[in-house]
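Colleague: If you read the protein sequences in the order shown, they are chains A and B. To get our numbering, take the position in the first sequence, counting from 1, and add 15. To get our numbering, take the position in the second sequence, counting from 1, and add 13.
In short, the hints are calculated from the structure, not lab data. Backbone N, C-alpha and C define an ideal beta-carbon position, used for all residues, glycine too. Hints may be right or wrong, so weigh each one.
[Said to hold, decoys possible] Pairwise CB distance ranges (calculated): (1) A:K125 <-> B:D100: 39 to 45 Å; (2) B:D54 <-> A:T95: 31 to 37 Å; (3) A:L56 <-> B:V58: 52 to 58 Å; (4) A:S32 <-> B:D54: 56 to 62 Å.
[What the hints assert, rightly or not] Just a sample of chain B residues kept apart from chain A, beta carbon distances all over 10 Å, derived: (5) S18; (6) G45; (7) L60; (8) K67; (9) D69.
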Amino acid sequence: MPFEEDPAYLSKSRLKSDLVAHNVALPPAASKKEIYVELHLKHIDQRNAADFSSDEEDLVPDVADREEDPDHTEIPDPRTLTDDELKAALLHHGVKAGPIVGTTRAVYEKKLKKLLQPDESGKVNGAEKAVVYSDSEEEEEEEVEEEEQKADGEEEVEESVCTESEKQTAEQTDLAKQESSQAKLPYQNGSFPYLQCFMPSSRLHARPTSNRESKSKWNSRNAVKSSERSRSRCKEIPVGISRASSVDQHSGLGSGPPQEPMKDIIKEIFPETGTTPTGIHATRRRPIKGAAQRPVQYGYPATPVSPATLERREMERRRVPIRIQILVFLIMACILYFIYVNLEDICVVLLDSLNQGFDSEDGYSLQAETEDTQVVSGQD
Amino acid sequence: MSTTSQKHRDFVGEPMGDKPVTALSGIGDTLGRKLEEQGFDKASVVLGQFLLLKKDTDMFSDWLKDASGANSRQADSCAQCLREWCDAFL
């Protein structure tokens with residue numbers, strides 16, 4: 016590096032990446048920058064320092080100890096990972112994680128733990144099986160039977176399936192088809208890194224009947240979960256599988272007949288679905304778009320409008336527009352003012368008209384009226 | 014197959030606005046109180062958490078179970094409720 020490296024001036028992410036590059040175990044996530052700076056100074060800058068022998072002795076065992084762990088287990092405890100590493104680890108298992116924030120971190124850590132545990136046990140055994148499977152068929156079938164006995168055997172089988180698939184797809188696919196519906200690890204399926212070479216368990220079933228009951232229950236529970244995850248990933252695979260399966264059918268194994276009814280039943284129940292690697296078909300629920308727009312049943316309006324708004328609209332439709340109301344008010348006010356100002360004149364006019372109207376009537380009432388007018392005019 | 018409750022339908026039928034957490038389907042008084050203690054005092058905050066988890070109902074269910082002690086049914090119901098709300102309004 017040409018420029019002078021003062022770790023304190025480097026950004027935290029830069030420090031992290033430097034530490035990782037030098038195989039130094041990172042401190043727990045969300046540590047302060049000073050800790051990173053210290054580590055950086057300790058491990059990296061010592062190269063440039065003259066007196067690093069004494070420090071190195073202290074450091075080496077620490078670093079060595081820490082380095083052993085990662086080698087031994089691929090990924091350490093999720094809690095010690097930084098956010099980025101956690102995200103990368105999840106991605107490695109095929110889980111696209113969202114932002115890792117305070118509240119989401121716990122969830123993702125748990126998820127990673129879940130993914131790690133079965134993975135490790137699967138991978139370790141898978142390696143062994145792969146070696147064994149390179150031998151003849153008979154040996155394989157024995158192995159398969161042994162495997163089937165294990166409750167957790169499926170992951171291994173998947174592993175071995177993957178490695179084996181190239182060797183023996185043709186013969187195994189028949190057996191596979193039958194059990195694929197019964198035995199499936201949906202969880203692993205979605206996160207399995209070797210999906211490309213995954214054949215519907217070229218071996219998942221040496222025993223079509225024996226483990227059916229226990230596995231079918233498990234499948235039904237996990238079918239929905241798995242289907243969503245695996246569906247998208249396994250779309251390309253059915254093509255290869257269907258080709259392989261056709262080859263198998265022609266090969267005509269002795270165990271053909273018992274598997275036929277199984278296949279047919281599945282086809283009957285789900286006629287329109289294509290083949291999937293595991294034979295499990297679970298329809299994905301259509302998202303209810305516009306739950307507010309459900310037409311008849313619940314009578315929701317087309318646009319999301321709150322009841323208050325609806326009421327307001329109704330009211331406004333019936334009311335007289337406010338401008339007209341103001342206009343009427345002003346007119347009335349003017350009239351009243353006019354009357355107030357010209358009261359006497361108005362009275363005179365009115366009485367005159369009344370006099371004319373009542374000329375033929377009783378003179379007494381007229382007199383009373385004239386007296387009134389005199390009084391009124393007298394007041395002025 | 015989806016028998017939604019009245020609470021579910023009420024929530025999904027309109028913008029949530031400022032509704033409290035207990036307006037969510039599956040969240041009653043007890044769970045609502047627990048969520049409020051953690052800072053999720055409005056339904057919109059819980060929606061925020063749901064969106065942070067990329068609208069993944071499974072992960073949200075897990076989170077809700079951890080955060081409030083909800084059981085599977087309640088958590089799934091809440092997740093489904095939020096998902097439908099998002100489908101309609103988001």
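Colleague: Each hint should be assessed against the structure and marked as holding or not.
Modeller: Consistency of the hints with the structure:
At about 27 Å, the beta-carbon gap between K125 of chain A and D100 of chain B misses the expected band of 39 to 45 Å. Taking the beta carbon of each, D54 of chain B and T95 of chain A are about 33 Å apart, inside 31 to 37 Å as hinted. Distance hint for L56 of chain A and V58 of chain B: a CB-CB separation of about 41 Å, inconsistent with the stated range 52 to 58 Å. Our hint of 56 to 62 Å for S32 of chain A and D54 of chain B is violated, since their Cβ atoms are close to 39 Å apart.
Distance check for S18 of chain B against chain A: the nearest CB is about 13 Å away, which clears 10 Å, and the non-interface claim stands. With 10 Å as the threshold on Cβ separation, the claim that G45 of chain B sits away from chain A holds: the shortest Cβ distance comes to roughly 17 Å. No Cβ of chain A comes within 10 Å of the Cβ of L60 of chain B; the nearest lies about 13 Å off, and the non-interface call holds. For K67 of chain B, the shortest C-beta to C-beta distance to chain A comes to about 4 Å, within the 10 Å cut-off, and the non-interface label is violated.
Distance to chain A contradicts D69 of chain B as a non-interface residue, since its nearest Cβ pair spans about 8 Å, not more than 10 Å.
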